[in-house]
Amino acid sequence: MCGIVGWIDWERNLENEGHIMANMMETLAARGPDASGMYLTKHAAFGHRRLSVVDPENGAQPMIRDRGQRRYAITYNGELYNTPELRQALESLGYIFRTNCDTEVLLTAYIEWGPSCVEKFNGIFAFGIWDEAEQTLFLARDRIGVKPLFYTRQGSKFIFGSELKALLAHPEVKPEIDSEGLAEVLIIGPARTPGHGVFRNIAELRPGHSMLYSEKGMYLCQYWALESMPHPDDFDTTAGTVRELMQDIVKRQLVADVPVCTLLSGGLDSSALTALACNTYRQKGLGDIHTYSVDYLDNAQYFKANSFQPNADAPWVQRVSEFFDTRHHNIILDTPELAGSLLQATISRDLPGMADVDTSLYLFCREIKKGATVALSGECADEVFGGYPWFYREDMINASCFPWSPNLDVRMQWLSPEMQSVTRAHDYLQERYHEALAEVPRLPGEDAKDARMREIFYLSLTRWMPTLLDRKDRMSMASGLEVRVPYCDHRLVEYVWNVPWHMKNFHDREKGLLRQALVGILPEDVLWRRKSPYPKTHNPSYLNAVRQWVLQILDDTSSPLRRIVDVDKVRAMAQPNAEISNIPWFGQLMTNVQLFAYLIQVDTWLREYKVQLV
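Residue numbers (UniProt numbering): 1 to 614.
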C-alpha cells in the first residue's frame with residue numbers, strides 16, 4: 001500500500017508549493033518507505049509515498065499518462081485484484097501498457113471509462129486523478145472502505161490525503177474540534193461515524209463513493225451500496241458458492257512480487273485463509289506459507305475464560321500450523337512495550353483507539369514486517385457471516401442502540417459534567433443510531449425477526465467494521481506492512497448479505513454457513529471451534545502500568561484530560577484496591593483495563609496534536 005496527498009487551489013500557483021507538499025508527504029513516510037514522488041502544476045499538486053508490492057521497478061507515482069492532447073496524473077493507494085482482466089479489456093481497445101503494475105491499469109481505465117471505471121474494479125483503493133485539460137479532480141474509495149481517504153475544502157483550497165495527519169501538516173488546516181467532534185471521540189469512539197473526520201471542516205470520503213471536484217463545485221456520487229433482494233439458492237448451493245468465492249478471492253489476493261504471509265490465530269477465519277493459501281501455493285509450486293501469531297508473556301498463566309473469550313488461542317495456532325505444515329512465527333509481547341506503545345498507536349491512528357488491542361497489533365505488524373511485506377488477515381468475517389455475540393444474545397439484538405456500545409452510563413461515570421453537556425451524550429448516540437437504521441435497505445415482506453437481523457448486519461458492516469478496518473490499516477501501515485482482507489471482497493459481501501439468517505446460523509452456530517462451506521478444507525475440531533476474539537493480555541502487570549500512568553496524568557495540572565473527565569471519579573477507579581469491571585464498555589474487549597489505556601490515548605492525542613476545543 002501507499003500514502004497519498006493532494007492539493008487543488010484556484011487562487012495559488014502550486015508549482016511554488018513543493019515544500020508544503022513535502023511536509024504533508026513526510027507524515028506518510030511509514031506508509032510508503034520505498035519511494036516518494038511529487039507532481040506540481042499551477043492548480044494541482046499530488047504527492048505519493050510508495051510501498052512496492054508489484055513491479056517495483058516501474059510503478060513510480062504520481063504516474064502521468066497522455067491520451068491525445070490530454071494529460072492525466074494519478075496518486076493511488078491500494079491493490080486491484082482483477083488487474084489481468086481489466087488489462088486485457090483495455091488492450092483489446094488499443095491501449096499499450098509500459099508496466100505490469102495495477103496503477104497504470106487503473107489510470108488507463110479512468111481515461112477510457114471515466115468515473116464509471118470504479119464499478120469495474122475488484123480491490124481496495126483510494127486514489128485521486130487530475131485531468132489537466134478539464135481541470136478536474138476525481139477521487140474514489142473502495143466499496144467497503146478498506147483504504148482511507150480524508151479531505152477538507154476551505155475557500156479556494158481542496159486538500160486530501162490518506163490520513164488525518166497529512167491534512168493537518170498543511171499550514172492552513174487547523175487541529176480544531178467542536179462539540180460534534182468531541183461526541184465522536186468520547187461517545188461514539190473508538191468507532192467513528194462514516195464520513196466524519198472528527199476535526200472541524202475535515203470529512204472522510206465514504207466507502208463506495210466517488211467525487212468530481214472542479215472550479216464549478218464538488219459533486220459526490222455513491223457508486224455502490226448493498227441491495228436487498230430474495231435469495232434464490234438452497235443451502236447446499238449457497239455453501240458451495242461461498243466456498244468457490246473464498247477460493248477465488250484468496251488466489252487473487254496472494255499475487256505479489258514480495259514475500260506474503262497469513263496472520264493465524266487458530267480461529268475459523270484465519271485458519272480458513274491459511275488453508276486456502278497453502279493449497280494455492282502448493283498447486284503453484286511456491287513452497288510453504290509463512291504464518292504469524294501474537295500472544296503475551298505469561299498469558300497462559302493469567303488467562304481466564306469468559307463468555308466473550310472462551311479459550312486461549314496458542315494451542316489452536318499450533319494445531320493449524322502443524323496440520324498445514326506452515327513455517328510459523330510466534331510473536332510474544334510483554335507489558336512494558338505494550339503500554340509504552342500507546343502513544344505511537346495514537347499517532348498512527350490520529351485518534352484515540354482501541355488501547356492495547358491497537359498497540360499489540362502495531363507491535364505485531366512491526367515484527368511481521370521483518371519477514372514479509374504482504375499479509376492476509378481474517379478481519380471482517382464476523383460482520384459478513386454473523387460471528388459476534390450481538391447476533392445471538394437477545395439482550396444485544398433487542399438493544400435500542402449500537403449493540404457494541406450498550407453501556408453509555410459507564411462512560412457517563414468518567415466524563416466530566418461539562419463534557420456530558422457539550423456532547424449531548426445520549427441524544428448524540430441515539431441520533432447516530434437512528435441515522436444508521438434509516439439507511440438499511442429493506443426487503444419487502446420480511447418478517448420482524450429477519451428484518452431485525454438485517455439491521456444488525458447492516459450496523460455491523462457499516463458502523464462497527466470500519467473501526468476494525470481503520471485499526472488494521474493504520475497499525476499495519478505504520479510499519480509499511482500491507483494487510484489484505486479477503487472477507488471484504490465485495491462479491492462475497494453482496495452475496496452473503498442476502499442469505500437468510502437461518503442459513504447463516506446453520507446448526508445454531510456463529511458463522512454456521514462459513515463453517516459448512518469449509519468442510520473438507522479445515523480439520524473438524526478447528527472448523528467447529530467456538531469463536532474467540534483477537535487476543536488481549538490478561539497479565540495484571542498491564543493493569544498496574546496503565547493505572548499508574550492515568551494517575552500521573554491526573555496529577556499533572558497541565559493535562560488536557562482533566563477538562564474531559566471527572567477527575568475524582570477516574571482517580572477513584574484507578575486506585576489499586578478499586579474493583580475492576582470485566583463488562584465491556586465497547587465491543588468485546590474494552591473493559592475498565594482498556595478504559596485506562598483509552599484515557600491515556602485521549603490525553604496523548606490532545607497533547608501531541610495540539611487539539612483546540614472550539
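Treat each hint with caution, since some may be false.
Simulated crosslink set (BS3-like; lysine-lysine; CA at most 27 Å straight-line) [as the list claims (entries may be wrong)]:
1) K42 to K251
2) K251 to K531
3) K449 to K531
4) K157 to K251
5) K531 to K569
6) K174 to K531
7) K216 to K174
8) K120 to K42
9) K610 to K157
10) K42 to K216
Hints are computed from structural coordinates only; laboratory data are not their basis.
Going down the list of hints, with the structure as the test:
| no. | hint | verdict |
| --- | --- | --- |
| 1 | K42 to K251 | violated, 43 Å |
| 2 | K251 to K531 | holds, 25 Å |
| 3 | K449 to K531 | holds, 23 Å |
| 4 | K157 to K251 | violated, 42 Å |
| 5 | K531 to K569 | violated, 35 Å |
| 6 | K174 to K531 | violated, 43 Å |
| 7 | K216 to K174 | holds, 25 Å |
| 8 | K120 to K42 | violated, 32 Å |
| 9 | K610 to K157 | holds, 23 Å |
| 10 | K42 to K216 | holds, 17 Å |
When each numbered hint is compared with the structure, violations occur for hints 1, 4, 5, 6 and 8.
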